[in-house]
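Engineer: If you want the building blocks of each chain, they are given just below.
Number of protein chains: 2
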Amino acid sequence: MPISTELWSERIKAQKPYIAGEQPKNSNLIKLNTNENPYAPAAGDALLRLYPDPDAAGLCAAIAEVSGVTPERVFAGNGSDEVLAFAFIAFFGGGKVYAPDITYSFYPVWASLFGAEYITIPLDAHFDICADDYLTLDGGVILANPNAPTGKVLPLRDVERIVSANPDRVVIIDEAYIDFAPDGSSAVPLTVKYPNLLVTQTASKAYSLAGLRVGWAIGSESLIAALNTVKNCVNSYTIDRNAQETASETISARAVFRRNTERVIRARDWTTAELRRLGFSVLDSGANFVFAKPPAPIHGEAGKSASELLQQLRERGILIRYFNLPRIDEYLRISIGTSEQMKALISALEELL
Amino acid sequence: MPISTELWSERIKAQKPYIAGEQPKNSNLIKLNTNENPYAPAAGDALLRLYPDPDAAGLCAAIAEVSGVTPERVFAGNGSDEVLAFAFIAFFGGGKVYAPDITYSFYPVWASLFGAEYITIPLDAHFDICADDYLTLDGGVILANPNAPTGKVLPLRDVERIVSANPDRVVIIDEAYIDFAPDGSSAVPLTVKYPNLLVTQTASKAYSLAGLRVGWAIGSESLIAALNTVKNCVNSYTIDRNAQETASETISARAVFRRNTERVIRARDWTTAELRRLGFSVLDSGANFVFAKPPAPIHGEAGKSASELLQQLRERGILIRYFNLPRIDEYLRISIGTSEQMKALISALEELL
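Residue numbers (our numbering), protein chains in the order written: chain A, 1 to 353; chain B, 1 to 353.
Okay, chain A solo, but in the shape it has when bound:
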């Protein structure tokens, strides 16, 4: 059965991808077909002289295994930023895409670069996504869940309402931080039921591989085929040999993944409680960071603004992040480190406040 292209952007439907030379699995062949060097490089593994598997089949199989889907429903790329950039080309270029007013600030950049009209819908007063606002739209949707930089989780039932209300548009759920959210928050199981749902995830957060650049998307074969078309129109080999191997091994090591994730969650919950004790207003986070507003001045004392605290923490060797943007310019985003680092942060804040 041919793959449906109904959900593809018009430009992608028209592309004829580049066809790279064959990369056979059989290593007994004399391979004189892709202009590789026959000699080992001066540094690194000797096999680096050969192109990587362009389909990253082993990596996609490892991702599929831990995600409970078949490998045909997985697309892997050079970080989930690359996967999302390809998805904007594949599904939103030449059309419209809706997103919350406060979310990952890369979304409007991709929309602008790849010719999509970017339309924002305000979060409510508690910084929550209102699913009702996303049910009668005339364009695609992208939502980060947990959202960034708020850390708030949209319940799966609301995700499903949005996906099911937009059968003719692609809905992307960017789950970079999902492994720190309550069990059952991921939309991956819904991808089998809804061909318009694309879920993206990353090895940069829960898998501790930000330095390796591996991310992926899970969705219907039609959506995955569109991402492969974009990839083969941009760069045939996006993930290097080392990254494919190290990411596969890391993703499959479930005990380490669970232990590290649990430690981060414990430190996050401790940090949230401590910040609240100090008078911060802290959003409930399902991510590996918290979003917190410093206490208001009391008894006539001068309070400290978020940007002042950012600067004063920096002077003490602690880096956190601040966004000088409407609605969130009184907040600080604090990544969760080790419990020792979080204790150092709380001590520094106690002194500063």
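Check before you lean on any hint, since a few could be wrong.
If chains are identical, the list can't say which one is meant, so a pair holds when it fits in one copy or spans any two.
Stated by the list, open to error - No more than 35 Å apart at the CA atoms, straight line, and that leaves these computed lysine-lysine pairs for DSBU-like:
1. 25 / 304
2. 16 / 96
3. 343 / 13
4. 13 / 193
Just so you know, these hints were derived from the structure itself, not from any lab.
For this one, chain A is given, so just place chain B on it according to the hints.
Structural biologist: Just chain B, lined up with the frame of chain A:
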């Protein structure tokens, strides 16, 4: 002095790139600003938990050193295919780009995806680029030198004529194979004189790192700034930590580079002579491959077509490449392997012919 954007595409002039969190060089800081995991990954180096240097400064310095330019004139990416894709967005999107009718077949794909009109100019009867054809154009230019799949080298004086005749348009010279060409063929020294010249190179060929995905561009600060703008609108971190490190080390190891390159050149010249002895018509190659047309039938015997030979070599475990395209469908492209592999190829051809 502000950087000139005269040579940038209109779309790129209008972009506001994403700003990633700071990646400080000082490792004594408590780094809670980019949502990294504080624990080591299950596989690979512990430092992989941290994002790589987004500017790949060490790698750019290594490239600059061996290229005789300053690091500000270097842009590194995830393979030269990614660098070229970014260059099509930066300089050709929304405009026109001229290229030879026979060249790297990824060029028309990037043009189509990123909205550039792709106009071809025929190579002459000897498969040479005629510089005179490129002196009065109304768009950008991209030339592979040595060209692919012909392997033919355009003399530097002709490259300079084309670059100097098009001061208001970007001319890209794709030098993926330049290290196998005669000394003095590279246009890198011209980048200092001509702000409209961008030269791209790769670690995949002469440096034996096809599996690692590292390529780069050398040009004026304006052109490099445009590529950085595109990168920061697509993916802030394109080259992973391992790749930055291994590529820097490999590029700096000049003795290995020279020895491997010389061995490939010797095997290429031997293969060219042997193929000619067997009656092949072989183009003079400055690359790590040869482009050869099988001998015509003699004395009433049936000759073998290029596609027949491709198939029969494959049955003997030797992979080469064939392009079923106008003007070159009687040719075979043969990558240069070890001298033993090339002897095996010649023996197989002797038996088949």
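Engineer: Sort out which numbered hints this structure fails and list those numbers smallest first.
Structural biologist: 3
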